[in-house]
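*Asks:* Here are the chains, one letter per residue:
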Amino acid sequence: MLPIVEFKGVTRAYGSRVALDDVHLALAPGELTFLVGPSGAGKTTLLKLINREIRPSTGEVWVDGIPAHSLKASRVAELRRRVGVVFQDYKLLPRLTAMENVAFALKVGDLRISDHEASDRALDALEAVGLGDRGDSFPHQLSGGQQQRVAIARAMVLQPPVLIADEPTGNLDLETAWQITDLLEDIAAFGIAVLVATHNVEIVTRLQRRVLTLVQGRLVRDQPAGAIGRMAWLASS
Amino acid sequence: MAGVIVKGRFPRRRTLQTVLANVLRYLFVGAARNWIRNIGSMAPALGSMTVLLLMSGMVGLIGFALHNLEQVEAGQASLLHVYMRDDAVPADVITLMNRLEHDSRVASVTYVSKGDAFARAQRIPGLPQLAGASDSNPFPASLDVQVKNINDIAAVNTLVKYNVVTDPVNPTSYDSGAYQRIQAVLFGAAVAGAAFLALLAFVAITVTINSVRAAIHARRDEVTIMQLVGAPRWMVRGPFVVEGAITGGLAGVVAGLVTFGLTASGIAAGPGSFSQFAPGVTVTIAALAAAIVFATGLGLGSGSSLVSLRRHLES
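One line per chain: the protein sequences are A and B, in this order. First residue of the first sequence: 1, per my numbering; consecutive thereafter. First residue of the second sequence: 1, per my numbering; consecutive thereafter.
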């Protein structure tokens, strides 16, 4: 199967500090992959390269056939519509309801979508994450787990082939974290490549999915799904 | 069963309508809503830009009037009045006229009698009282000599001032440095006006750039989310440009209306004196100046926003 995300010898430096060092990796459609490593290992940098928030210093980043490493600023939006993003702090707009937050992503991503269609599709996405009845709620009226579900619905409403999540369970209790992880598994089951940066050891070890381990910017281990990683403790450090 | 005619819009047309409605909403409605929400941070920009545009409008009209004045002065400076002595013999006057008419440097020669000179003086503001104060007519007859090139006026003056018919005390209206002095004063006024406007423009643009920067920071989260969900650059940046244009446009409307109102009031209050002090400035010119002020406001506001976006909003 052709990879949907591919890193070829990617190095990213901030001045003299090397955040990522000669990383090679490939993510396949439908694959749920965890990205672990100590703080400052380069996890967020790697995610930002996929979304073209930053460019690599050297090497190539390919996302759904688009060369993110050499993409012109005018074409970045096209790439980002193919990459759903979920953050630890949800990044919902506080003055919009849950449904409007999801519809907002849909409408700014595609001008051909009418208000009516956007509302319908946003509600469908909210129902898919189990919040069909909370569409009219504002973010401050929702729990952390519910806000993260809204954020996932927003990331998925354009049906991108790739979903990246930066510490999506970082602010949640374990039970809610498992619910969010279940949701990410479901999304991957629909053929979407999901890459989750996390510090949650329990989830990483129990799910037995592919684990990429970064240490000081280097990809030191690429553990396939089903294998129990001896280095899983790195996720918690 | 007969076929059912379904009434419906052509899908492509409906898509176009949706796109247009969305563009309109994101660019203009959204920008207007944000502008109202951020009116506190935009107020300094609005104020400084209004002052700038008002000053520009007024300085522009004054500049236009001064330009016209210079043209009038240039025309008057190349017109030499050769004053006749009261006892000048008509035949000698005619001889001088003929001589001047055949001079290649002279465009025209007109004889102005004492009566014509008196009538002309009465049309000049302030002079009718002076003209009427004396029982006799104090204004001499003259030859009005229009010289083709203002640089030849000194030579023509030399030619006529010792003529037998010329008044020995006050022979001509020639003033060697008059025109140059007027030009120097006008140039000085233009430089001072331009410097003043440049300073005001710098202040207004700086304030607007900072206001837009404040607006960008106030909506940092919204901008970030728009960028992350793949909003095109024009959709992220466009509303800020429109907000700048709204600020500039409003400032332009206020400044344009004030410029037009002041000028129209001046013309209505004293059309004769106004045209003396500001030659060529009419109601039409004032309306044109107001329109230019408005357009300048739009350009300045949106331009300042663009500069601010380039500096403060990464893609």
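Careful: at least some of the hints might be erroneous.
[Said to hold, decoys possible] Within a straight-line C-alpha distance of at most 20 Å, the following computed EDC-like cross-link-like pairs (lysine to aspartate or glutamate) qualify: (1) A:LYS48 / B:ASP167; (2) A:LYS48 / B:GLU222; (3) A:LYS91 / B:GLU222; (4) A:LYS91 / B:ASP221.
[To be verified] Restraint-style ranges between C-beta atoms, simulated for each label pair: (5) B:ALA218 / A:GLN208: 39 to 47 Å; (6) A:GLN159 / B:ALA218: 30 to 38 Å; (7) B:PHE187 / A:ARG17: 43 to 51 Å; (8) B:VAL23 / A:ALA73: 18 to 26 Å.
If you're looking for bench data, these hints aren't it; they were derived computationally from the structure. Cβ coordinates follow ideal geometry from the N, Cα and C atoms, glycine included.
*Asks:* Decide, hint by hint, whether the structure agrees.
*Replies:* We went through each hint and held it up to the structure:
Of the pairs offered as hints, the one joining LYS48 (chain A) and ASP167 (chain B) is violated, with about 94 Å between alpha carbons and a cut-off of 20 Å exceeded. A hinted pair counts as satisfied when its Cα atoms are at most 20 Å apart, and LYS48 (chain A) with GLU222 (chain B) qualifies at roughly 18 Å. With a CA separation close to 9 Å, the supplied pair LYS91 (chain A) and GLU222 (chain B) stays within the 20 Å bound. Proximity of LYS91 (chain A) to ASP221 (chain B) is assessed by CA-CA distance (about 7 Å); at most 20 Å being required, the pair is judged to hold.
The hint said 39 to 47 Å for the Cβ distance between ALA218 (chain B) and GLN208 (chain A), and at roughly 46 Å that hint holds. For the hinted restraint 30 to 38 Å between GLN159 (chain A) and ALA218 (chain B), the CB-CB distance of approximately 32 Å keeps it satisfied. The beta-carbon spacing between PHE187 (chain B) and ARG17 (chain A), approximately 59 Å, falls outside the hinted interval of 43 to 51 Å. One distance hint, 18 to 26 Å for the beta-carbon pair VAL23 (chain B) and ALA73 (chain A), holds here, with the actual separation near 21 Å.
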